[in-house]
Amino acid sequence: MLFPPASGVGVTGGFIIKAPKVIRLLRKGCTNRPFYHIVVAVSGNHQSRPVIEQLGTYDPMPNEQNERLVSLNFERISYWIGNGVTFSTPTAQLLGLAGYLPIHPTSYISAWRNRQKLEEEKAKELEISEQKEANASQ
Amino acid sequence: MCSLPLVFRNINTKKLTHNYIYRSLVYSSIHYDGKSDPGPLFFNEEVQSLLKLLTRIDYNKVFRKRKLGTKLLTKPDYQFMTDEQLKESINRARKKADVLLQIPPVVKVKEINPTILSKDSALKGLLTSKIVFTDITFGVQNADRIIVVRETDGTLQEADWQLRKRINQTYFPENGRLLKPPTMFQDTYLENLLDREEHEFVLDRACIQFDPDEPEYQRISSITYQHINEKNLFHLLRSTRHFGSLVFFLVWNKNIDNLLLDLIETSNVNEAAQLIALYSKIHNTEFDGDTVLEKVESFTKSASNKKGALELAIQAYKEVAKSKEQLEKGVNAAHGITEC
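Chains as they are written, first to last, in full-length UniProt numbering: chain Y, 1 to 138; chain V, 1 to 340.
Hints listed in this document are in silico derivations from the structure and should not be mistaken for laboratory results.
The model shown is predicted, which means the values in this text are computed figures rather than measured ones.
Yeah, the Cβ is synthetic: ideal placement off N, Cα and C, and Gly gets one too.
The reader is advised that the hints may include incorrect statements.
Stated by the list, open to error - Pairs of lysine-lysine, BS3-like flavour, derived with a Cα cap of 27 angstroms:
1) Y/LYS122 / V/LYS119
2) V/LYS52 / V/LYS108
3) Y/LYS117 / V/LYS130
What the hints assert, rightly or not - According to the in silico footprint, chain Y covers these stretches of chain V (three or more CB under 8 angstroms from chain Y):
4) 111-125
5) 133-143
6) 148-162
Work out the full structure: start from the sequences and follow the hints.
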């Protein structure tokens with residue numbers, strides 16, 4: 001098979017039935033324009049290998065209305081969960097934000113770090129402005 | 001140096017002579033957003049049949065050649081047929097026309113208040129833009145599809161209808177519908193189109209672009225109907241699918257005088273009676289009188305806004321009918337036929 005379909009080739013061969021599988025992102029964009037397919041694949045397979053099934057898409061670049069679009073085939077995702085599939089961290093994060101899985105701890109950690117960073121920046125700005133005022137009064 | 005200002009002045013006057021500034025539309029949009037829902041009345045069988053009768057179907061207009069750029073023109077095909085075959089093919093054409101003339105539904109403006117599914121303030125700072133999640137499970141209808149939004153402040157809520165429409169169009173595009181509504185529906189362009197009598201084009205395009213329960217659809221259609229009613233351009237929509245909704249709009253808003261006048265002036269008194277029957281059905285009133293004309297007269301007396309003009313038209317119609325009768329009698333007498 002020279003060009004396997006992006007929608008996946010299904011479970012081919014006997015060894016895939018028992019092989020551990022993972023739902024993960026597969027980069028499909030081009031240079032400077034990331035776009036991801038959400039796919040089921042044999043875990044550990046290289047990203048150039050054909051996937052078992054495509055379950056959705058994820059466009060990480062915000063559109064005109066400042067929205068990022070994610071599409072998910074929940075029926076098939078449920079089926080694969082029933083087959084004992086695992087999730088990569090980014091997909092688990094996305095599914096957590098969608099309200100399908102519990103929210104991933106990584107989401108809470110990065111949210112907390114971002115907030116921390118913002119506060120530090122604000123404190124720095126305040127310091128700089130206070131210093132400027134002090135210099136001006138001298 | 002002296003000539004420079006003169007040149008500028010010339011340019012300025014030239015610019016002023018062009019009429020670039022359009023006046024804004026004089027019609028205000030009228031929505032079906034009151035307490036009562038027009039849907040059940042519109043889908044009533046009696047009302048539907050009356051609306052279809054008033055459409056006055058002309059098959060030459062229904063099946064006319066339209067240069068939409070979607071089909072190649074083909075040579076006409078002439079066939080010899082027996083009477084039975086002819087009847088069958090006419091029936092087939094009638095069924096086809098019924099499909100083409102299906103009246104766009106008249107329903108109340110929709111109100112969907114998105115429900116909030118969860119609020120998680122610990123997620124504040126994670127996102128710089130919203131994320132929209134769409135369920136693309138096979139075989140789910142556009143209306144039933146699950147579409148949720150994770151806001152930047154961490155709340156998870158259902159998408160409002162504008163977003164739903166945009167997302168459905170992105171993942172499951174409908175033919176002819178654009179992601180952004182075309183500029184022709186903006187006031188200045190819309191008015192230009194209406195002045196060029198392109199009402200059918202406007203309504204057809206609005207039918208594709210919007211759903212019938214969207215406020216934007218009802219704005220555009222109501223403005224178009226008001227323009228037609230004011231300019232007496234009813235012939236533009238006859239034998240099209242939009243005439244039924246036009247009549248329903250006028251009857252619902254108690255503004256049928258122009259249409260009634262048009263019907264009487266063109267001696268279509270039976271249609272006038274059907275219109276009044278529709279009025280009494282929708283507004284639950286009765287107009288007494290045995291003949292068609294008596295009913296029209298009682299309507300003008302009790303419910304009309306243009307009494308004078310309507311009474312004059314009825315009088316004129318009566319005189320024309322009388323003179324026609326006399327002429328017929330004369331012709332009959334000339335042929336030697338006398339009534340017993």
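Hint by hint, here is what the structure shows:
Distance check on the hinted pair: Y/LYS122 and V/LYS119 sit about 26 angstroms apart at the alpha-carbon level, within 27 angstroms; holds. Restraint check for V/LYS52 and V/LYS108: the C-alpha separation of about 21 angstroms stays at or below 27 angstroms, so the hint holds. In summary, the hint linking Y/LYS117 to V/LYS130 is supported, as the alpha carbons are separated by about 20 angstroms, within the 27 angstroms threshold. Counting residues of the stretch 111-125 of chain V whose C-beta lies closer than 8 angstroms to any C-beta of chain Y gives 7; at least three are required, and the coverage claim holds.
Coverage of the stretch 133-143 of chain V by chain Y holds [criterion: at least 3 residues with CB-CB distance below 8 angstroms; count 6]. With a cut-off of 8 angstroms between beta carbons, the stretch 148-162 of chain V has 5 residues touching chain Y; three or more are needed, and the interface restraint holds.
Checked against the numbered hints given earlier, this structure breaks none of them.
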